[in-house]
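Colleague: Listed below are the residues making up each chain.
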Amino acid sequence: MSKVIASRTAALTETPFHYCPGCAHGIIHRLTAEVIDELGLQEKTVGVASVGCSVFAYDYFNVDMLQAAHGRAPAVATGVKRVLPEATVFTYQGDGDLAAIGTAEIVHAAGRGEKITVIFVNNANYGMTGGQQAPTTLLGQVTKTTPNGRTSEANGYPIRVCELLSTLTGAAYIARTAVFDPAHVTQTKKAIRKAFEVQEKGLGFSLVEVLGNCPTNWHLSPGDSVKWLKENMLPYYPLGEFKVSEEVE
Amino acid sequence: MAKLLMEGNQALAEAAIHAGCRYFFGYPITPQSEIPEYLSRRLPQVGGVYLQAESEVSAINMVFGAAGTGARVFTASSSPGISLMSEGISYIAACELPCVLVNVQRGGPGLGNIAPSQADYNQATKGIGHGDFHLLVLAPNSVQEMADLTIWAFDLADKYRNPVMVLSDGILGQMMEPVEFSEEIPEPPEKPWAVTGASGRKRNIINSLHIAPEVLEARNLKLQAKYAAAKENECRCENYLTEDAELVVAAFGSCARIAKAAVEEARSQGIKAGLCRPITVWPFPEAAVAEACKNARACIVTEMNEGQMVYDIRLALKDRIPVHSFGKMGGVIPTPNQILDEIKKLEVKPGV
Ligand SMILES: Cc1ncc(C[n+]2csc(CCOP(=O)(O)OP(=O)(O)O)c2C)c(N)n1
Chain C
1 MSKVIASRTA ALTETPFHYC PGCAHGIIHR LTAEVIDELG LQEKTVGVAS VGCSVFAYDY
61 FNVDMLQAAH GRAPAVATGV KRVLPEATVF TYQGDGDLAA IGTAEIVHAA GRGEKITVIF
121 VNNANYGMTG GQQAPTTLLG QVTKTTPNGR TSEANGYPIR VCELLSTLTG AAYIARTAVF
181 DPAHVTQTKK AIRKAFEVQE KGLGFSLVEV LGNCPTNWHL SPGDSVKWLK ENMLPYYPLG
241 EFKVSEEVE
Chain Y
1001 MAKLLMEGNQ ALAEAAIHAG CRYFFGYPIT PQSEIPEYLS RRLPQVGGVY LQAESEVSAI
1061 NMVFGAAGTG ARVFTASSSP GISLMSEGIS YIAACELPCV LVNVQRGGPG LGNIAPSQAD
1121 YNQATKGIGH GDFHLLVLAP NSVQEMADLT IWAFDLADKY RNPVMVLSDG ILGQMMEPVE
1181 FSEEIPEPPE KPWAVTGASG RKRNIINSLH IAPEVLEARN LKLQAKYAAA KENECRCENY
1241 LTEDAELVVA AFGSCARIAK AAVEEARSQG IKAGLCRPIT VWPFPEAAVA EACKNARACI
1301 VTEMNEGQMV YDIRLALKDR IPVHSFGKMG GVIPTPNQIL DEIKKLEVKP GV
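Sequences listed follow chains C and Y, in order. Note that the working numbering has the first sequence beginning at 1, numbered continuously upward. Note that the working numbering has the second sequence beginning at 1001, numbered continuously upward.
Just chain C, same shape as in the assembly (with noise of 0.2 Å):
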């Protein structure tokens, strides 16, 4: 008789996902409807998601979902959960949708300790549009909109999420993980599952920054596009733990 080792986790439809060849975001849908289901929230959780990418993830979640506007995602997690205070709220965001146009609903939903949790893919580019430059694209790399590489003269400098919120006192859980390999794969689970207990257990605002990449925007293979994740964002993007409040201590 066979038997199953691995199977489709209940909070993930049957929908296939429509991501290209190498993206990190089907792993990491994957893993947070992995913790939805090992949490037994599924029936009490409302995902919002966001513009970018990952714009159907309420094709994928298998949970009641919205579907907000570029960057109003935590403005909209705070809606419902303002009513629905039992519920576990989510919201899913890209780097263009939560650290450039929807900053300030960012900012201001972990200053008020709002009780939701934020899963946040930082792939360094816009990649919906079509490859621009994104708040977190690096100096030196070339995008759509920096042709010849962003220069910190013409473009400023790449804002580091986890460091700037986990300054804010309502912030009680703030990691950054990545998904390359499958230690990270499981290291980014563990964060993850941290940060819908932190909501369960009423603590305040958690957020998992998960690096990923974009083989299509940055033209590499799949391959390279880990080799280049590993050489060019990790020494700008340190992973670990960068807030977790005395209460989730």
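Hints in this document: simulated from the structure, not taken from any laboratory. We treat Cβ as the ideally placed atom computed from N, Cα and C, and that holds for glycine. Don't take every hint at face value.
[Claimed, not checked] Restraint ranges, calculated between C-beta atoms of paired labels, are given here:
1) VAL1046(Y) to GLY111(C): 24 to 32 Å
2) LEU139(C) to ILE1114(Y): 41 to 49 Å
3) CYS20(C) to GLU1037(Y): 47 to 55 Å
4) GLY111(C) to GLU1190(Y): 32 to 40 Å
5) GLY140(C) to LEU1111(Y): 37 to 45 Å
6) LYS227(C) to VAL1046(Y): 57 to 65 Å
[To be verified] Using 27 Å as the maximum straight-line C-alpha spacing, the simulated DSSO-like pairs for lysine-lysine come out as follows:
7) LYS1260(Y) to LYS1191(Y)
8) LYS44(C) to LYS1260(Y)
9) LYS1260(Y) to LYS1328(Y)
10) LYS190(C) to LYS227(C)
11) LYS1328(Y) to LYS1318(Y)
12) LYS44(C) to LYS1191(Y)
Given the coordinates of chain C, assemble chain Y with the ligand onto it according to the supplied hints.
Modeller: Below, chain Y with the ligand without anything else, positioned relative to chain C:
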């Protein structure tokens, strides 16, 4: 219930609570700040939530989230703040979420001033955001109507699953009058579409993205059918002394109070004047406007703007009679005498 002496903004805020609304998200701006100030005290007393957002952009998106759970929710702002909410309002309409929006209008454009104005009429009735959609827009002209129309706004929002705006202004917001709250509040309908956590039912999705043009067209047609039903069923207009009126003054909101004084003075001087006051400015009460002007030789539309409603009046009257516009801009309030002068200009004496 006993009559209470209240400021318009406070009456509106209390009416929202009376209508069963327990959630408010907003940002301070004059001349509407009495609404959040009042609610920051009142909502916690009734188990509700008052939250001051970081901007009007965030406020409207918090409203989007709260409305998505099926709760009665509202926000209030004044002109520049409403402009900031534009994108969010479009999403709310696209997702068919019921909520109430209040614009206590001030002088514009730009930062303008904090004097009363009606310059956002076009924005409210025709251009509140991108895409083919409409708000239902109610224009009160007394403190009592600030309360009554707010309660009605919540019912309409639920009935049509559409945002409804109360289009007020600085005069109505800040003046005091006696107000009475109706005893009967209809129960809000069931909201099986709400996102509350999919327990014991299929999951719900609130979304305005429809990649296939045919699908998005079908969504649009559904919205349009809803607006057609609202046009059919919800138009309201107050016609005063219009039965035999030869000159009809059309005005909405606070400006209609001034116009009414001018009409009464004209009558006392033997001029057959009447007042037509649209209460729903979207849908626009075309039939009632035509009825008001059935015996009229001319119509004067007085507004605290460059002349915006005048085009809706002309359409309602199919340009059958001359329609004149008398507008005051920048927060300047017309006086009854100025309107009376306009009436007199048009009055042609028999045999002359
Ligand atoms: C108000 C508004 N401005 C711009 C856009 C266009 N837009 C869609 S997605 C996107 C960038 C998304 O990038 P990111 O958040 O980094 O997510 P990714 O696609 O890389 O996953 C932009 C600019 C929009 N939809 N709405």
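Colleague: Run every hint past the structure and note whether it holds.
Modeller: Outcome of the hint check:
For the pair VAL1046(Y) and GLY111(C), the beta carbons lie near 27 Å from each other, so the given range of 24 to 32 Å is met. Evaluation of the 41 to 49 Å hint for LEU139(C) and ILE1114(Y) yields a pass: the beta carbon distance comes to about 46 Å. The hinted range of 47 to 55 Å is satisfied by CYS20(C) and GLU1037(Y), whose Cβ atoms lie roughly 51 Å apart. Range check, GLY111(C) to GLU1190(Y): Cβ separation about 36 Å, and the 32 to 40 Å hint holds.
The hint said 37 to 45 Å for the Cβ distance between GLY140(C) and LEU1111(Y), and at roughly 41 Å that hint holds. Range check, LYS227(C) to VAL1046(Y): Cβ separation about 59 Å, and the 57 to 65 Å hint holds. A C-alpha spacing of about 42 Å is found between LYS1260(Y) and LYS1191(Y), which places the hinted pair above 27 Å, so the restraint is violated. Of the supplied pair hints, the one linking LYS44(C) and LYS1260(Y) is violated, its CA atoms being roughly 55 Å apart against a limit of 27 Å.
Restraint check: the Cα-Cα separation between LYS1260(Y) and LYS1328(Y) comes to about 17 Å, which is no more than 27 Å; the hinted pair holds. For a cut-off of 27 Å, the pair hint linking LYS190(C) to LYS227(C) stands: about 23 Å separates their Cα positions. A hinted pair counts as satisfied when its Cα atoms are at most 27 Å apart, and LYS1328(Y) with LYS1318(Y) qualifies at roughly 25 Å. Under the criterion of a C-alpha separation no larger than 27 Å, the hint pairing LYS44(C) with LYS1191(Y) is consistent with the structure, at around 17 Å.
Checked against the numbered hints given earlier, the structure breaks hints 7, 8 and satisfies all the rest.
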